[in-house]
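Enquirer: Listed below, chain by chain, are the residues.
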Amino acid sequence: MEYKTVQYDGLTKQTVERASTSDEIKEIERLQAQMETIKAAKQTQAIAKAALLAQLGITEEQAKLLLS
Amino acid sequence: MTKARDIASAIPAPSTVSSTELGYLDGVSSAIQTQLDAKTAKSTLSTTGDIYYASSANTPARLGIGSTDQILKVSGGVPVWATPTAAASGLTLIAEQSYSGATTVNVDNVFSTTYDNYRILNRATMGSAASWTMKMRVSGSDTSSGYFNQQVYGESGTAAGNRNTSGTDEWFFGDASNSGMQTLDLMSPYLSAETQGLSLAGYRDGSAGVVRMNSVALGDTTSYTGFSLLTPQAATGKVSIYGYAK
Chain D
1 MEYKTVQYDG
11 LTKQTVERAS
21 TSDEIKEIER
31 LQAQMETIKA
41 AKQTQAIAKA
51 ALLAQLGITE
61 EQAKLLLS
Chain A
1001 MTKARDIASA
1011 IPAPSTVSST
1021 ELGYLDGVSS
1031 AIQTQLDAKT
1041 AKSTLSTTGD
1051 IYYASSANTP
1061 ARLGIGSTDQ
1071 ILKVSGGVPV
1081 WATPTAAASG
1091 LTLIAEQSYS
1101 GATTVNVDNV
1111 FSTTYDNYRI
1121 LNRATMGSAA
1131 SWTMKMRVSG
1141 SDTSSGYFNQ
1151 QVYGESGTAA
1161 GNRNTSGTDE
1171 WFFGDASNSG
1181 MQTLDLMSPY
1191 LSAETQGLSL
1201 AGYRDGSAGV
1211 VRMNSVALGD
1221 TTSYTGFSLL
1231 TPQAATGKVS
1241 IYGYAK
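These protein sequence lines are chains D and A, in that order.
Take the first sequence: its position 15, counted from the start at 1, is 15 in my numbering, and no numbers get skipped.
Take the second sequence: its position 108, counted from the start at 1, is 1108 in my numbering, and no numbers get skipped.
Extracted from the complex, chain D is given alone in its bound form:
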């Protein structure tokens, strides 16, 4: 993946487009890892939810109705 930084300066009204610095790339990669962790947690939660519904023998809609 190519990392690009767009930099605007309100004093000079100038915009610079450049390749991201190594520090900026590090930040983006950290965010990528963070996003993957959230995605994985969501997936785990969805699997656990489906298993629980199967155990209870009810649908998601029925579970929502119970909680309403």
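Treat the hints loosely; a few may be bogus.
Said to hold, decoys possible - For lysine-lysine, the following PhoX-like pairs were computed, each having C-alpha atoms within a straight-line distance of at most 20 Å:
no.	chain 1	residue 1	chain 2	residue 2
1	A	Lys1238	D	Lys4
2	D	Lys49	D	Lys64
3	D	Lys42	D	Lys13
4	D	Lys13	A	Lys1238
Said to hold, decoys possible - With the C-beta cut set under 7 Å, the calculated list includes, among others, these residues of chain D facing chain A:
no.	residue
5	Tyr3
6	Lys4
7	Val6
8	Asp9
9	Gly10
10	Glu27
11	Ile28
What the hints assert, rightly or not - Coverage of chain A stretches by chain D, computed from C-beta distances (three or more under 8 Å per stretch; other residues unrestricted):
no.	stretch
12	1032 to 1038
13	1105 to 1118
14	1127 to 1133
Worth flagging that the hints you see were computed from the coordinates, not collected in a lab.
Don't be surprised by glycine CBs; every beta carbon is placed ideally from N, CA and C.
Got chain D sorted already, so can you dock chain A onto it with the hints?
Expert: Same frame as chain D, but now just chain A:
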């Protein structure tokens, strides 16, 4: 023979003045010097951008070009260049920046003493769903600690939950996917007070609509002059920064 041209043709020309030169006087009906004195000198406009104006009746004068973003106003009955003052009410556009295929958007020198509070609008599309995060900047560098964030969100017909972060590296700003927008009201980023804000974000991911609401705060009183937006997916869009009139 009343015309200079006729005179010039009729008499032998003196050795120093040619008949052609004498012919140039054709049509002259009053003193030439008086006529010349009534004209403005080209040299009055000495510099690029100069403007001619009358400083009083029949008195041409030069007005040198103003600075970038200055506007022409009237003061004491003559034109002058002036820096526009902040609007008495409402929002004033400070800056607007488009980006294409970017993972980092840095915006510097947009917060100042002119405004206390700001609105930031961001609209973007990305290849697949990803979050925007935001950091405050001063002197062209990101601040990477002390961010507080509380988020509530809903997606696909469900109030899906919330996320809380304290003292972390950045704020969560919103998401984008097929399309996405974020609006943030930011209070006192430049003042010697804690920066606070509230953002609303929405986006479409396939057939799902998503909404996020975030409260953001920074636990220091630094005078921030800008911000950066970061996303793990290359984004294309536009960010606009407005100032609230004091």
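Enquirer: Can you give the numbers of the hints that this structure goes against, from lowest to highest?
Expert: Result: hints 3 and 12 break, sorted rising.
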